[in-house]
Each structure stands twice: as structure tokens, then as C-alpha cells.
Amino acid sequence: MADVVLQPPVTRALARVGARRRGPLRRKSIIAFLMTLPLILLIAVLVVYPALYSIHLATLNKSMKSFVGLGNFAFLFKRETFWMVVRQSCLFAITAVIFKALIGFIVAHFVHNVPGRQQRKWRGMLLVPWVIPPAMSCLAWLWLFDPSYSAFNWILAQFGIGPVPWTGDANWGRFSVILVNIWIGSPFFMIMYLAALKSVPEQLYEAAEIDGANWWQRMRYVTLPMMRNIIAITALFSLIVTFANFDIVRILTAGGPIDRTHVFATWAFWLGIQGGDIPLGASVSLFMVPILTVVAVFILRDINRRGNEA
Amino acid sequence: MLRARISRRSLLSKTALASTALVAAPYVRGAHAAGSLSIGFWDHWVPGGNDASRKIVQEWGEKNKVNVSIDYITSQGQKNLLTIAAEAQAESGHDIFAFPTWMPHEHSDQLVPVDDVMADLIKANGNVNPTVEYLARADGHWIAVPASVGSQMKGPCSRIDLMKQLANIDVQEMYPAGSPPKADAWTLETMLKAAEACHKGGHPFGIGLGITADNVDTAGIIFHAFGGDLVDDKGNITVKTDGVRAAMEYYRKLTQWLPPDVPAWDDSSNNKNLISGKAALIMNPPSAWAVAKRDAPQVAEQLWTHGMPAGPKGRFGPFLPYFWGIWKFSKNVAAAKDVLRTLSQRDNVEKMVVASGGYDLPSYEKLTDFKVWAEAEPPKGTLFHYPNPYHHQIQWVSAQPAPPKVAVQIYTQAVHTKMVVRFMKGEKLEDTLAWAEGEIEGYMRT
Chain L
231 MADVVLQPPV
241 TRALARVGAR
251 RRGPLRRKSI
261 IAFLMTLPLI
271 LLIAVLVVYP
281 ALYSIHLATL
291 NKSMKSFVGL
301 GNFAFLFKRE
311 TFWMVVRQSC
321 LFAITAVIFK
331 ALIGFIVAHF
341 VHNVPGRQQR
351 KWRGMLLVPW
361 VIPPAMSCLA
371 WLWLFDPSYS
381 AFNWILAQFG
391 IGPVPWTGDA
401 NWGRFSVILV
411 NIWIGSPFFM
421 IMYLAALKSV
431 PEQLYEAAEI
441 DGANWWQRMR
451 YVTLPMMRNI
461 IAITALFSLI
471 VTFANFDIVR
481 ILTAGGPIDR
491 THVFATWAFW
501 LGIQGGDIPL
511 GASVSLFMVP
521 ILTVVAVFIL
531 RDINRRGNEA
Chain Z
1091 MLRARISRRS
1101 LLSKTALAST
1111 ALVAAPYVRG
1121 AHAAGSLSIG
1131 FWDHWVPGGN
1141 DASRKIVQEW
1151 GEKNKVNVSI
1161 DYITSQGQKN
1171 LLTIAAEAQA
1181 ESGHDIFAFP
1191 TWMPHEHSDQ
1201 LVPVDDVMAD
1211 LIKANGNVNP
1221 TVEYLARADG
1231 HWIAVPASVG
1241 SQMKGPCSRI
1251 DLMKQLANID
1261 VQEMYPAGSP
1271 PKADAWTLET
1281 MLKAAEACHK
1291 GGHPFGIGLG
1301 ITADNVDTAG
1311 IIFHAFGGDL
1321 VDDKGNITVK
1331 TDGVRAAMEY
1341 YRKLTQWLPP
1351 DVPAWDDSSN
1361 NKNLISGKAA
1371 LIMNPPSAWA
1381 VAKRDAPQVA
1391 EQLWTHGMPA
1401 GPKGRFGPFL
1411 PYFWGIWKFS
1421 KNVAAAKDVL
1431 RTLSQRDNVE
1441 KMVVASGGYD
1451 LPSYEKLTDF
1461 KVWAEAEPPK
1471 GTLFHYPNPY
1481 HHQIQWVSAQ
1491 PAPPKVAVQI
1501 YTQAVHTKMV
1511 VRFMKGEKLE
1521 DTLAWAEGEI
1531 EGYMRT
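Just so you know, the sequences run in chain order L and Z. Count along the first sequence from 1, then add 230; that gives the number in our numbering. Count along the second sequence from 1, then add 1090; that gives the number in our numbering.
Heads up, a few of these hints could be off.
[Claimed, not checked] Within a straight-line C-alpha distance of at most 27 Å, the following computed DSSO-like cross-link-like pairs (lysine-lysine) qualify: (1) K1418(Z) / K1169(Z); (2) K1418(Z) / K295(L); (3) K1324(Z) / K295(L); (4) K1145(Z) / K1330(Z); (5) K1362(Z) / K1155(Z); (6) K1290(Z) / K1145(Z); (7) K295(L) / K1290(Z); (8) K308(L) / K1515(Z); (9) K1518(Z) / K1153(Z); (10) K308(L) / K1330(Z); (11) K1362(Z) / K1145(Z); (12) K1169(Z) / K1153(Z); (13) K1145(Z) / K1254(Z); (14) K1343(Z) / K1515(Z); (15) K1290(Z) / K1169(Z); (16) K1155(Z) / K295(L); (17) K1153(Z) / K1283(Z); (18) K1456(Z) / K1272(Z); (19) K308(L) / K1518(Z); (20) K1403(Z) / K308(L); (21) K1169(Z) / K1283(Z).
Honestly, the hints are just simulated from the structure, not real lab data.
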């Protein structure tokens, strides 16, 4: 039995050419790896390590002296407040993302139809809520919603309406935090959708018009299919960020009244840092991960499928 | 070119000589011979409030040859709590840290016992109040030293004119500047009637029911004055008791006379309510008065800080102390203890209280007679009773006497005010009590 298989001359020649080509390619990939290494290290230190550490923390008891496995999650699942926070986080994130997408879509169309120089001005102005640091804009909203000196209530009072308990009532409190999130987040959707709109070839609209398509049909059969991936990616990205939102609720209501506006991040902070129960706080914040993973898998799978079909 | 030639023999002899000289030389005390010390103080909100502590510590450092570094860490956005959590996790950081109310117990096993320091300080300054003992002792040891900086009492701050006109109560006569209180008639029932009268007169009391400290402090103290502790000192849940029911009934009546938005109040809401001229009474340290002095002097000259109304179980004042603790990972415990002794000397405490404009409160019974409180104005004597100079009320913290590790959860989760708001919004009393019992059962985990 032969241990060595002799290669025919043509194959050997091709292998030599391949090796010559692989040389610079390998060098290029090493250079690329070295150039991304700082970023990889940064992510490892600032993202991977804290994530693993929080998993470790979530498996400890309150005094952080003994391992309790999934005991903290078992404890949380029995708490009425925890399930209330789950419901509120879902309500907060889903409602806010739907409205942000809707408003972003409508405003993007308006801006798209504004002529050149004017469009730049509108684009800049509409981006303002998104570029102001949220902590600052939330403080302004806090003054507008102030329980005793609300500017909105002052205006409503001129028409004999109110006062509205913007942050003092459970439902109004939820409305207020969602409203502020929509105000801050809509420009992001607007700018993404505007970019997508600009990339739709004009010929498609011209062809649709020749075929006698009306406004709705052009939207239904040209615009939306061309924007589907951007809509999905933007919604996913925004859902993740909105689920993990902290500053808006923290500044406007601090989770009140009677815990009715808490979301995962604010409740985790309340339990972990203010209440001194770091493992329980870590467990609450980790509970977001499976929810977001499921959402991300579904959306990304859908995008991939469409990509393959294309 | 000259080249020095060193033989092996001469090198050995010179090295031996040098070594002998080094060993035999007298010890020369350097600039920082006693090592270094880092301190994380609470960043005072009063402009210039940090100056006194900085000066005292610097002078101590120079005298004792210790290289001291101080960081002033704000409590805005819970920055100090985050730093404490980080240092506890990393077992590295400052040697001394300013711990807010509940934090010494939270980290009791990571703090150096300071029994020797406290023995000296109690001998010099008198006993500490029951709240300090409750919060700074664990397993029979002192684990932290009460700090005057940041410690505060959140008793009533009343409008002299409105209380007189609308409720027929003369707060200056009840708590006269320079002499003991004559406040036997100042009870929770009297306060309820005054709240009704002031509400009808268009100046409701500004007592919040939100989830922040000012709101929780008042509610916890009123519950305690009715004997309505949610958990007793042995850790038994005592939510479904007559004391708690009585406190809830009292609050049901009181909330009728409060502004409707009180469930949304934070720690600034009551201040704004007072300074704008709306409220006839709030529960707050003199910070509201200090801001009024600057922004609304006509309101400030009508303000009088005084004691809490008594309940069926006694008169209790909402006290919120700060502490200085030494981390076990400190490499200079001896120096840390010495600087804490220095900071707690009467003259130094007075300097820090003066720097805070009288806001800071020492916890020792002999340190309640500084001139700053007697001389504060307008009106003259407005802060005289702020430090409880006649020990007319017992200083207490909301959720005391529950074991501190449970009490901190009751406090931070604002169980008292949430109970009141639920009841106020129409929930049945027994349902509210059942909810509170369920919540507190969850806090019992170790």
C-alpha cells in the first residue's frame, strides 16, 4: 500500500500558483487582524468581561459569599413586581419602537420631498432631539412634566383643562416616558429611512407610474420592499437599545409611582446599587438577554433569507 | 583621556564601607515618612462646604508626615454608591470612605472595626444617638465613625405667618430660640388639624409620598410614632398589626389635605413647594431655608425649623447620618484611625458645621450647641432647634428597628410611601398590607 500519493504535474503546478497567491493574502489577513486587535481587546475588556462577570454575580447569594446557581432567577420568578417590570419593559419598548418607526417613516418621506438646500436644513433640525445628550433633554422634559409647575399643565389650564398628573399616575407616567423615548429616538429612524429612500432607483417609480400605479401601490410594491431590510435592522437595533433604556425612566419617574414605570435597567439599578443586592440586580439585567436574543435571531434570519432570495 | 582603574579588592572594600555607612546612619524622617492615605469624602452641595474638611486633613497630613489625597465624590446620580460598590468588588481604592446611611452594614465584613476610636470619641463628645448605634455597630463592634458632614435631620420647616394665621399655631413659641421646647401639644393629631386648616387656607403642607429619601424618611417616622414598624428588631414581619393600621388610617386622613401630586414628588419637590410660597410646612433639613434666603428672602424670613409632632409611641425625628469607614484593604489603618479621631474633635466638627452653614449635624450629644445654629438668621434662631439641643425627640431612621440588611431594602424600595399611595388610590387596606408583607418576605433572603 502506497503511503504517498503522487500528484500529477498539472495539479502540482496549480498548487504552486495557489501557494504564491495565498502568501500575500495570508499576510493581508494578518495585518487586518492586527489592525482590528485593539478593537477586539477593547470589546473583550469592556463588553465580554463585564458580561461574564455579571453572569458570575447573578449566581451568587445576596451577601455574595456562596454560589446559588439559578436561585436568584427562581426567586425573581416568584415576585409580583418582577413580572410587572417584564410587562412594563415590553410595553415600553414595543410601543416606543412602533411609534418611532411610524413617525420616522412619515417624516423621512416629507424630508425626501423637500428640495435640495432646504432639505439639509430640515434634516439638521429634525436630528436635534437625537443628538442632544438624553440626560440633558430628559431634564428639560422633567421640568415640563413637573408635578407642581408643569409647563404643559400651565398651557392646558389656559383652556380650562387639567392639571394632568404626568408622572404622578401610573398610566400617565407610562405615557410620559414612552413619549420622551419616541421624541428622542424618532430622528434615528428618520435618517435611516431617508438614506434608504434615496437609494431606491428613480426608474422603478417611473416604471410603476407608466404601469398606472397610484401612490399607495408605489408605496406598497416599490418603496416598502426596497426598504424592508433597513426597516428590520433599524427596528432590531432600536428594540435592543429601548429595552435597555435607563436614563429616561430614571430621570423622569425613577420607576414610580408605585413601581409602575420601572423597566429592567432602572429596576436592576434600584435593586443592585441602591438596595445593595448586586446579584439580584445582575439577574434582572441578564433577564433581558434571552428576550433580545430571540428577537434578534428571528429578525436576522428573516433578513438573511431575503438576502439569499435576492 | 583619563581612565580610573578599579581593582576587585578596592571595589569590595568601598562597597563594604558604603554598606556600613548606610546601616549605621541615623533615620532621617522624610516629607511623607508615615506613608500615604487616600480619602473619599462626600462632595458637599453647599458651596465651600468641602473647604473645612480639606484644611483639617491637610494640616493633619503635614503634622504627621502622611501624604494625603482627598477625592470629593458626589451623591448626584448615586455616584458615591457606585464607587462604594466598585471598591468593595475590587477590594481596592480609598483607605477611608464616606458611607451614606445604610452602607456600613452593607459592607460590615469589609470594614475595619473602630471600637478604640469610638471609645475615645464617645468619652470626649458624649453618647451617640440610637440611630447611629443602630447603623454603625455590627456583631458587637463599631464598624464606622459617625460623620458630621452630610448627616441631617429632616424635621418640619414651617411658615411662621401661615401656621399662625391659618392653624393658630405659633411655632416660635412652641420652639423658642435659646430655650427648651414647649411642644407637648404638638402631636400628630394637632398636625392633622393644622394640615386641614392650611389646605383650606390655600397653603397645604408639602409632605411628599414619592420614592426618594425625603418622602420615605417622613413616612417611616410617622409609622414608627404609631408603633407601626413593618419588621421588628428580631426580623419578624409585623405588617399586619394595629400600629401599622393606625398609621395607614392617619395617612388616609392626612393625604386629603396634601397637594394631589405628592405621589410623584422627589427630594426637590417639597423645597420648591416651600420656596414658591405655596407650602405652610415641609419636612426637610435647612437646605430649603438656605435656598429661600438666596432666592426668596421674604419666604426665608418666615421659616422656622423645629421638632416633629409626637405620636402615641413617642416623638421621633427623622435622622439620616453619614459615616466614615476604613476599608479592610487599607494599607495604613493606623493613620486612617488617627485622621478620623482628628476630624471628630469638637473644634474641627464645629469648623465643618460652620462651613456647611449649619446643615451638617454631629451625632454626639455634647455637640449640639454650636453658635452657628443659634445665630442663623433670618429670622434669628431659625435653626436653633435643628440639632435637637434639648434631646426633645429621639433621632430615628425610617425602617429602624428592622435588622439593617432588611431595613435598607424597606427604605430603598420605599415600602412605606408605596403602601400609603396604594391605600390612597383606593386599594383595600388588607390588600395593601398583604402586598407589603409579600414584598418584605422577599427582602429576608440572605
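How the hints compare with the structure:
no., hint, result
1, K1418(Z) / K1169(Z), "21 Å, holds"
2, K1418(Z) / K295(L), "17 Å, holds"
3, K1324(Z) / K295(L), "23 Å, holds"
4, K1145(Z) / K1330(Z), "52 Å, violated"
5, K1362(Z) / K1155(Z), "47 Å, violated"
6, K1290(Z) / K1145(Z), "51 Å, violated"
7, K295(L) / K1290(Z), "56 Å, violated"
8, K308(L) / K1515(Z), "25 Å, holds"
9, K1518(Z) / K1153(Z), "64 Å, violated"
10, K308(L) / K1330(Z), "21 Å, holds"
11, K1362(Z) / K1145(Z), "33 Å, violated"
12, K1169(Z) / K1153(Z), "32 Å, violated"
13, K1145(Z) / K1254(Z), "44 Å, violated"
14, K1343(Z) / K1515(Z), "13 Å, holds"
15, K1290(Z) / K1169(Z), "42 Å, violated"
16, K1155(Z) / K295(L), "39 Å, violated"
17, K1153(Z) / K1283(Z), "58 Å, violated"
18, K1456(Z) / K1272(Z), "22 Å, holds"
19, K308(L) / K1518(Z), "23 Å, holds"
20, K1403(Z) / K308(L), "36 Å, violated"
21, K1169(Z) / K1283(Z), "41 Å, violated"
Hints 4, 5, 6, 7, 9, 11, 12, 13, 15, 16, 17, 20, 21 from the list above are not met by this structure, while the remaining hints are.
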